[in-house]
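Once you've looked at the hints, dock chain B against the given chain A.
Going down the list, the sequences are from chains A and B. Using this note's numbering, count along the first sequence one by one with no gaps and you end on 1014. Using this note's numbering, count along the second sequence one by one with no gaps and you end on 292.
Calculated directly from the structure, the hints in this document are not laboratory data. Treat the hints loosely; a few may be bogus.
[As the list claims (entries may be wrong)] Once the Cα atoms are required to be at most 20 Å apart in a straight line, the calculated SDA-like pairs of lysine to any residue come out as:
#, chain 1, residue 1, chain 2, residue 2
1, A, Lys967, B, Lys27
2, B, Lys128, B, Val39
3, A, Lys910, B, Val116
4, B, Lys135, B, Val288
5, B, Lys109, A, Val905
6, B, Lys128, A, Val927
7, B, Lys109, A, His908
8, A, Lys967, B, Ala37
9, B, Lys109, A, Val911
10, B, Lys180, B, Gly151
11, A, Lys910, B, Val288
12, A, Lys967, B, Thr25
13, A, Lys967, B, Leu43
14, B, Lys109, A, Leu913
15, A, Lys967, B, Val39
All values reported here derive from a predicted model rather than from experimental measurement.
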Amino acid sequence: MSNSHSHSHSHGPGQSHSHGPAGHTHDAHDAHDVSKHVKVYLLVFGALLVGTVITVLMSQVHLGSAWVNIAVALFIATVKAFLVAGFFMHLISEKKAIYAVLAATAFFFAGMMYLIVWHRGEVPRGTMFIEGANKQLPVDVKR
Amino acid sequence: MEIPYTVKPRPDTGLFNAKVGIWLFLASEVMLFGGLFSSYIFLRVGADNAAWPHGLLNIPIGTFNTAVLITSSVTVVLAWAALKMGNFKKFRAFQSVTILCALGFLGIKSFEYKDKFTHYEVWKKDGTRLTGHIDGTPWFWKTRTLQEKGIQNLKFLPDAKHYAAPKVEHAGAAGGEHSGAHQAIEIPVSEIKRLSAFVPGHSTYFGIYFTLTALHALHVLGGAIVIAFLWGPGGKMWRTEPERFTNRIEVSGLFWHFVDLVWIFLFPVLYLL
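Next up, chain A with everything else stripped away, as it sits in the complex (with noise of 0.2 Å):
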């Protein structure tokens, strides 16, 4: 997918960097790359459903511990979103700087997403049920 650039000299993957500023333009050379990427496209799509059908079906299915089958589901939602940012938003061959700014968007969500599996060791009191400690579920709520 390395023509998402109108102006790029582009041969291939990792060939796409601009030739300066020069004014002409590979209309022609373009359309050729494009439409190649068409069926790609296509092929992504019939991807997607196959992966929504999969993960509604892996739901019902019942994988021994719960655990798996989140785990399922989320493996086959992550497979889509690689599927979606990689050939839809190109990201399979884009330029350093926005590699750069994902890279660092990464990290925060990584850290932000530490910050939940830390807190198991120390949560604050009365923010989590325990199993017995409350039997009355919270239905006093005044509405």
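Okay, now just chain B, sitting in the frame of chain A:
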């Protein structure tokens, strides 16, 4: 003064302005939705299993809506590809499908919301709980509404089973002889401790469900407005600056794919797990 790099890529980054802009924006969006997802995990792992509703969302409808959004994502990228090949008509055709899908998604979501706003849970003073519909399917009733309307007996059509008691207990057994059929029962208001529709205030689950899905729906709406603008009046730019216009379509498409991507995670997490 002409703004540089609206079409030509900057020599050092190889990117035109809008592309840098949209990716920085998407990075902030990842953190926005990420924060809410982490809240969801936090709330879910700390919750009592019995208090976490299961099976209250309509899976076939959710699956269909997922397919609708995926379809719109592929038509966006095909529309952009059509412009790259110089075919404006084809671009418009594909984006028409995108806009229809966006409206379809929002329509279906509204239907789902309405379904929740007219679906109720009753907590009785003896500890039993029922879910079902109030006669006349009113919206947004709460405990106070019963007093305000001076209702003595609530006409209620209980569901066959309560989400917290899927196997053993029959939640509709309040009257004793309820057989699981959808028969209306009358619950004396004096026996009701709490009444709530499936609104954000119902429970932690619906709180996070509505927060996540409504924020996502706002993104769908925003994206659809931009795509519709570029499909309609904004399309004039194709005649004067075709490359810049194509870039705009690419950038709006990147946002749209991101919205699709968020839903790819929302759907299994909220509907299936």
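inquiry  = Taking the earlier hints as the rules, which of them does this structure contradict?
reply    = Hint check: 2, 11 fail, others pass.
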